[in-house]
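Participant: Spelled out, the chains give:
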Amino acid sequence: MIWHIAKRELSNNLNSLRFALATVLLLGLMLTNAVVHLREHPERVKRYRENVSNHQNHIAAHASNGLYDLAQEGPGNLYKKPSDLRFCAEGGEAFMSDRAQAGYHRWSTGTLKSFWILAYPSATPNRDNVRPEVTKVDWGFIIGYVLSLVALLFTFDSISGERERGTLRLTLSNPIPRHTVLIGKFLGAFISVSIPFILAVLVNLLVISTSSGVHLDAEAWGRLGIIFFVAVLYTGLFLALGMLVSARVQRSAVSLVILLLVWVVFVVFMPSTLASIAGRSTSSGPTYDFSERSWKLHEELSSDYYSSHYKEPEGSTKRIEIDGAYVTKDAEQQERLHAERLNRRIAEVHRARTITRISPVTIVQNLIESFAGTGFERHLQFLENVQTYAREFRTFIVDTDSADPESLHIFGVRTGMSQEPVNPEAVPKFEDTLNLSRDFNTAATELLLLTLFVLVLLSGAYLAFVRVEV
Amino acid sequence: MMLTLIRRELLDNLMTFRFAVAVFIMLLLVVANTAVLIKDYERRLAGHKTEVQKSREYMLEGKTYSVAELNIDRPPNPLSIFNTGLDKRLGNEIWVYYGHVPTLWDAEKHSSQNPFMNILSSIDIVFIFEGVLSLLALIFAYDTLAGEYERGTLRLVLTHSVSRGHILLAKYISAMVCLLVPLLMSLILAMFLLTTSPSFSLSTPDFLRIGGIMVASIAYLSAFYLIGMLISAMTRRTSTALMLSMFVWGFLVLVYPNMIVAVIQPSNPPEERRASVHNHIKQIWEEFERERKHFLATDTHLEGDPYGNMRWRGGYNFEHFQDKASVLQYYYYAGAEIDGFHEEPESEALHVQNYHRFLVPLIIDTAEHTWRVRKPVLEELFILPATVDRSWLRLTPTGIYDIATQALAGTDLNGMQDFFTAVQQHRQSVIDYYYDKNAFASRQWFSSDKEVVDWSALPQFSFQRSDISINVKRALPDLFLLLTINIVLFIGIFLIFVRREV
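As they're listed, the protein sequences go chains B and F. Residue 20 in the working numbering sits at position 20 of the first sequence, with consecutive numbering throughout. Residue 459 in the working numbering sits at position 459 of the second sequence, with consecutive numbering throughout.
Note that these hints are calculated values from the structure, not bench results.
Sample of chain B residues facing chain F (criterion: CB under 10 Å; computed from the structure): (1) Glu93; (2) Ser276; (3) Arg345; (4) Arg353.
Which chain B residues stay away from chain F? Per the calculated CB distances, all over 10 Å, these: (5) Ala61; (6) Ile198; (7) Glu300; (8) Leu301; (9) Ser302; (10) Tyr305; (11) Thr328; (12) Glu332; (13) Thr388; (14) Arg391; (15) Asn435; (16) Leu436; (17) Leu447; (18) Leu455.
Stretch by stretch, here's where chain F covers chain B in the computed footprint (C-beta under 8 Å, at least three residues): (19) 136 to 148; (20) 249 to 262.
Glycine residues also receive a C-beta, built at the ideal position from the N, C-alpha and C atoms.
Sequences and hints are given; from them, build the entire structure.
Facilitator: Written out as structure tokens, the structure is:
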């Protein structure tokens with residue numbers, strides 16, 4: 001019986017104007033998305049490959065100069081691997097730097113040179129860009145905004161419309177329980193929204209996968225499957241909302257007005273308003289100047305150093321030790337400073353993102369981001385990879401040095417370290433990776449929250465429909 | 001008769017549920033967001049004040065002319081609450097150096113800002129209006145003709161001796177009056193919040209600008225009401241009209257503006273052009289460097305290093321070429337601050353002064369030359385694509401409304417350029433001041449042993465936002481475009497409605 005009702009609902013919808021319009025709109029958007037991705041992505045991948053080979057050349061060049069040079073220069077810039085699924089979610093990637101700096105020149109004195117530290121440059125793409133600011137047309141936008149609107153437009157009259165026409169009474173006069181009617185209607189609406197969406201997704205993937213510039217591997221297809229599931233869940237949320245309001249309200253026009261306004265508030269305005277509130281509440285912290293603090297720390301250390309340095313005779317081991325301690329302590333201090341600033345910034349964003357999670361569209365966009373391997377969580381993963389690599393690199397230096405019996409094992413000074421040549425092949429290289437199980441972990445809360453929303457709204461719709469007077 | 005019609009329509013609209021919801025939603029969104037936006041503005045203003053204070057301290061720390069740190073901080077625009085435009089996006093710290101013409105591409109952002117926060121979306125009042133006003137207008141309009149047709153009341157009305165044009169006009173006027181209620185109420189409440197906030201000091205021209213934004217909002221509202229009416233006149237059933245209206249709204253407001261900017265791309269790849277011009281600018285400075293080296297070589301006292309022959313006691317000097325290829329920034333930066341000498345360098349000092357008398361005007365000339373090369377290319381690389389985008393955005397009322405309100409608020413590209421033009425003029429006046437004081441050839445240019453530079457007489461930077469008449473002039477084309485859309489739509493509705501069989 002459920003299927004019978006669903007079929008009736010479906011055949012009703014398939015012939016309607018909204019079905020045609022939704023198909024055209026979704027197809028157009030998905031096609032645009034694919035075309036833009038194909039235009040931009042190969043370029044991005046090419047740049048990444050060049051950068052990675054630069055990184056490897058950098059290491060090879062410095063390894064051939066000996067251990068001190070390698071330890072002083074560091075591994076160079078480390079680059080974030082662009083996700084192949086960036087067309088699913090842009091995730092504000094443009095505002096997050098695609099690299100971490102592991103080594104750049106800070107200072108040198110006559111004999112000493114600063115050691116490398118891990119620093120996190122910030123991307124400010126907007127500073128040069130005067131083009132109008134718009135939302136990227138990615139899957140997140142298409143699903144979050146357009147698909148949810150379409151879902152509401154398909155269900156706003158599903159019960160109130162039948163009541164207006166009087167067919168609801170007719171249906172319920174048959175010996176069918178009300179929940180069967182509701183589920184049948186839900187399924188019918190669900191299938192009719194899914195058809196244009198699936199069609200659009202297929203066209204989108206067809207265009208993307210047939211192009212030679214972009215390769216999607218098995219894991220990417222798995223991720224796409226999860227993203228599709230999230231989209232389906234999200235559509236269900238809005239279908240349930242539409243049925244809930246439609247069951248409570250007598251006239252379908254009123255139902256649509258309520259639904260549209262709820263949609264506008266929750267989908268369009270909530271994320272931005274909450275983000276503004278969050279942004280305000282977090283930056284009340286101290287605004288001391290980073291560079292000033294960094295300079296002060298360095299100055300203090302230098303004055304200590306110069307007061308003890310000249311007390312020791314030139315060339316003595318003690319003096320080398322003081323030199324080495326100066327260089328390594330400075331690098332440690334500065335790196336900690338950079339890490340502190342980074343952590344503070346990350347904490348701010350985390351707080352803001354927690355607040356914006358009230359809006360379903362933010363939840364779904366966060367979910368798509370985490371499965372597409374873009375966005376903030378992905379950036380954190382990259383930073384973690386970078387930090388792990390930095391430790392690995394430093395351990396390598398220490399191990400290589402301790403393997404050489406002639407070395408003084410004093411880091412930071414050329415004379416204190418191993419003079420043996422280093423095999424460039426043995427030096428660890430940085431490779432950025434994406435980890436699906438970790439994504440699941442970060443996304444689990446949001447997935448559960450979304451499912452909870454859907455269940456609450458569905459049961460709400462059921463209760464409303466059961467109690468409705470025909 | 002006309003009045004009766006209007007009254008009937010007005011009562012019809014005012015009593016509806018949708019009117020109540022419209023007022024509620026508009027008030028809720030505008031008031032909540034205005035409060036948030038005011039706090040945001042206050043924070044930016046506080047940041048601006050600290051930066052101004054700090055840059056003043058930096059300036060006073062400089063003891064010689066050549067190491068002067070003249071930083072200017074861009075104040076936030078109070079009207080950015082209405083339309084943020086470029087106000088938050090572009091850099092706010094700009095360095096005034098005689099050897100480089102500053103542009104908006106040379107400005108930096110405050111270092112205390114968290115760059116990650118940009119991933120969260122931002123909002124302004126015009127954005128709320130763009131979304132909600134258009135939706136409300138369509139919700140009010142979809143059944144205005146199709147509904148009467150369905151109920152059969154249209155036939156009834158037309159049996160009286162009323163012209164069809166009058167009916168349309170009455171419907172339009174009464175619905176607009178209804179829609180203006182939430183718009184005006186929310187704007188007045190927003191203004192109330194603005195005027196009670198202590199950090200806002202709105203001048204009379206600012207109120208006029210807000211008035212202009214209100215006019216643009218009304219024109220935008222009316223355009224969407226007429227789109228809804230057109231759909232209503234074309235269809236026979238309200239449900240069809242409603243469905244069409246919603247999809248039209250989704251397309252015009254949500255989809256098209258975002259899609260079009262993603263699709264269009266600057267026609268020729270700018271990378272090669274950028275690289276070639278960057279090379280050209282580099283060559284200009286290489287030429288400069290040759291002349292400089294030549295001068296140093298000819299003066300036997302200097303022997304290649306201007307400060308090398310003097311025995312200093314303390315201080316520092318530096319020289320390097322600043323290079324940032326992405327925005328074609330390339331200049332020579334040198335300075336010295338020598339605290340004192342072991343022995344008085346009489347003749348050497350004169351030679352060094354002579355060197356600067358030659359060098360600094362040469363730097364300024366080369367900077368001007370660079371600027372003549374750089375300016376058109378910056379326009380081609382950055383401004384031209386933005387202009388193309390904007391002209392495509394003008395195909396929807398939403399785009400036109402956005403551009404018009406940006407121009408009125410002064411947060412559009414022109415308004416931003418005004419500020420940077422003022423900075424360029426300030427640089428010129430600083431250079432003139434240096435010439436007047438003969439600063440280049442003075443000893444204070446590189447050494448503070450005799451006298452420390454007195455910064456108090458330096459010309460002060462001041463910036464006034466452009467005159468209201470200029471703002472209006474920049475917004476007028478788009479306002480006229482909105483008006484034209486209104487008129488064309490109205491004529492279209494009239495033609496369709498007159499020929500329609502009831």
